[in-house]
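Protein chains: 2
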Amino acid sequence: MQQFRRDPILGRWIIVQYDREQGPQNYQSQAIQKQNNQKVCPFCVGHEDKTPDEIYIDRTPQVNSEGEAWSLRVIENKFPALRTEGIPSRQGLGIYDQINGVGAHEVIIETANHDKDISDLTIEEVKRIILAYKHRCIELKQDKRLEYVLIFKNHGKGAGASLEHAHSQLIALPIVPKKVKEAMLGAQKYYEYKERCVFCDIIQQEIESKERIVLENDLFIAFAPFASSSPFETWIIPKKHSSHFHDISEQSIGSAADMLREVLIRLKKVLTDPPFNFIINTAPIQHDEELNFYHWHIEIVPKLTRAAGFEWGTGFYINPSPPEKTAKWLRDVRI
Amino acid sequence: MQQFRRDPILGRWIIVQYDREQGPQNYQSQAIQKQNNQKVCPFCVGHEDKTPDEIYIDRTPQVNSEGEAWSLRVIENKFPALRTEGIPSRQGLGIYDQINGVGAHEVIIETANHDKDISDLTIEEVKRIILAYKHRCIELKQDKRLEYVLIFKNHGKGAGASLEHAHSQLIALPIVPKKVKEAMLGAQKYYEYKERCVFCDIIQQEIESKERIVLENDLFIAFAPFASSSPFETWIIPKKHSSHFHDISEQSIGSAADMLREVLIRLKKVLTDPPFNFIINTAPIQHDEELNFYHWHIEIVPKLTRAAGFEWGTGFYINPSPPEKTAKWLRDVRI
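First to last, the protein sequences are chains A and B. Under my numbering, residues 95 to 429 are what the first sequence spells out, in order. Under my numbering, residues 95 to 429 are what the second sequence spells out, in order.
So that you can see chain A by itself, here it is in the shape it has in the complex (with noise of 0.2 Å):
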């Protein structure tokens, strides 16, 4: 038996294939075995000159026990795929379209300690980066050159991350994506016709039939979402409505910083430290109001299966790990 299922917010259909049912047996990784290269990291204390000046330092002293100068630290991405530099202006070429790449790309270093990953910290250290993240978010939101925010991680090489140095990144953006218009339009048709919020009657019903839940506490739940797109999909949403990540009150962060590193420490022993990418799906930042059709949320995906021909022809997914499957692997997970 096969299975289509729609996604409730972009609109698009997953196929879920019950036949060839695959359990975390089938996707273990190798470990990711981190190289002792303190002496080459750009990412760790001592070498702060190889990476540009921190725009954001958290000093928190003797915060693992080590005496590092630093906890963690914001820096300019030394690669950036957009600078700060500029106006942006559209420009026609023909029947084309360009704007100058203008926009920021940062690196958030989550740690001094090359051979931790936020699995490794503590919840303390796990809450310095969401206060990392927000006071970027915050800052950012001055620039009205910049319409959206995207904070991201990728972690092992098989999800796209260059260095091994735990570290997450930022890029803010001139245009608001296509992807999250697409995620607000859903979501406010759903609003227009329900005048409910669809994500708070997503958590609603995934905590009343908990077949999908991962982990709850008092102020946020975990979740394999109904149509995954991908094996052991799992979001980190507050029960509270909230449209704009920036606006996590410092109780909240706390909440967060528990789940985000609990879920993140269920996956590494279900699937042995698998590569994967979050992301923190926000409001857009210039629209400074709460909105009462959008809710923020962290995105988790790691990386087991590869997307090819008929994903990228159809914006279809297939998943052979059922998600009820996948919450229920994880929450029994002893850890």
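By construction, these hints were calculated from the structure, which means they are not laboratory data. Predicted, not measured: the structure shown is a model, and the values here were computed from it. A portion of the hints provided could be inaccurate.
Claimed, not checked - Label-pair restraints from in silico Cβ distances:
#, chain 1, residue 1, chain 2, residue 2, range
1, B, K144, A, Y150, 57 to 63 Å
2, B, Q298, A, D147, 37 to 43 Å
3, B, K210, A, I181, 52 to 58 Å
4, B, S303, A, D147, 38 to 44 Å
5, B, I301, A, E302, 55 to 61 Å
6, A, N386, B, L279, 24 to 30 Å
7, A, G188, B, E218, 54 to 60 Å
8, B, R428, A, L187, 27 to 33 Å
9, A, T145, B, K363, 56 to 62 Å
10, B, Q298, A, D209, 54 to 60 Å
11, A, K172, B, Q298, 38 to 44 Å
12, B, N386, A, D147, 34 to 40 Å
Beta carbons are placed, not taken as given, at the ideal position from N, Cα and C, and that holds for glycine.
Use these hints to put chain B onto chain A, whose structure you have.
Leaving out everything else, chain B in the frame of chain A:
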């Protein structure tokens, strides 16, 4: 310098990265070494009983002077993403929607010869592949449950191929996929505004400017799209307006075969047999009359870069190889 370029059909933006421009030398793959495992290959002559029965067969005798009993077979996929039995019925699950997974999933074994790829075949042999595609589309169109047929090829492990014997695939769906809907809508909007087909305008502009043209013959052009999402992306498109691939004439099949073969030879030469996907973009099969705003084309995408968190979060792509350059490399290579 970086530059945003807008895809004139999908409306998505891509970033062309000039700062860290990547040429063919940055993408050299290890040439795909086929193992001579004809003993176990289910697609080889003599192993027909290892696959489902053929739906279509080309018995042109002695085609490759090795006296095979057939030169091309189309079979049902042994592990189909979708099955043909049943009636697609929509169903709600609280706020979610699902459809049972009806459709078709076929494999086109492109040659009896285990050691050859499309680029090694004669033009006559490539013509037979395109003819098989056409026949399968026309037959599947009779099945009114099916709305869309995607023909695609995954070449090499890096592009998602699980068997090395040359083959392409066909998936027929009971839904018009989101990406196709978006392309249709984008093209339709352009038509409403300009009263011209956007693809016809692109063809004209590309032929005039020449800078992104890879090849041109009487009936087709091959070119690197202005807003290529990946390095060395190449489209093959008929000069004469036509919305449905399956309406391709016999003369056009010859011309398309010639060009597809040569583009693949050039890609193989410049990039050392890279993994790639190609897809045939065509109008939904149940719209039977010619559409004035849509124009079928083949899209070839070598798998050279890795989509990561940024692409996933935004739908933006970062392309470190300007299409003007890749077209020139493909044009200039000696074959």
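Now the hints, each set against the structure:
{"no.": "1", "hint": "B/K144 <-> A/Y150: 57 to 63 Å", "verdict": "holds, 60 Å"}
{"no.": "2", "hint": "B/Q298 <-> A/D147: 37 to 43 Å", "verdict": "violated, 49 Å"}
{"no.": "3", "hint": "B/K210 <-> A/I181: 52 to 58 Å", "verdict": "holds, 54 Å"}
{"no.": "4", "hint": "B/S303 <-> A/D147: 38 to 44 Å", "verdict": "holds, 42 Å"}
{"no.": "5", "hint": "B/I301 <-> A/E302: 55 to 61 Å", "verdict": "holds, 59 Å"}
{"no.": "6", "hint": "A/N386 <-> B/L279: 24 to 30 Å", "verdict": "holds, 27 Å"}
{"no.": "7", "hint": "A/G188 <-> B/E218: 54 to 60 Å", "verdict": "violated, 38 Å"}
{"no.": "8", "hint": "B/R428 <-> A/L187: 27 to 33 Å", "verdict": "holds, 31 Å"}
{"no.": "9", "hint": "A/T145 <-> B/K363: 56 to 62 Å", "verdict": "violated, 39 Å"}
{"no.": "10", "hint": "B/Q298 <-> A/D209: 54 to 60 Å", "verdict": "holds, 58 Å"}
{"no.": "11", "hint": "A/K172 <-> B/Q298: 38 to 44 Å", "verdict": "holds, 42 Å"}
{"no.": "12", "hint": "B/N386 <-> A/D147: 34 to 40 Å", "verdict": "violated, 56 Å"}
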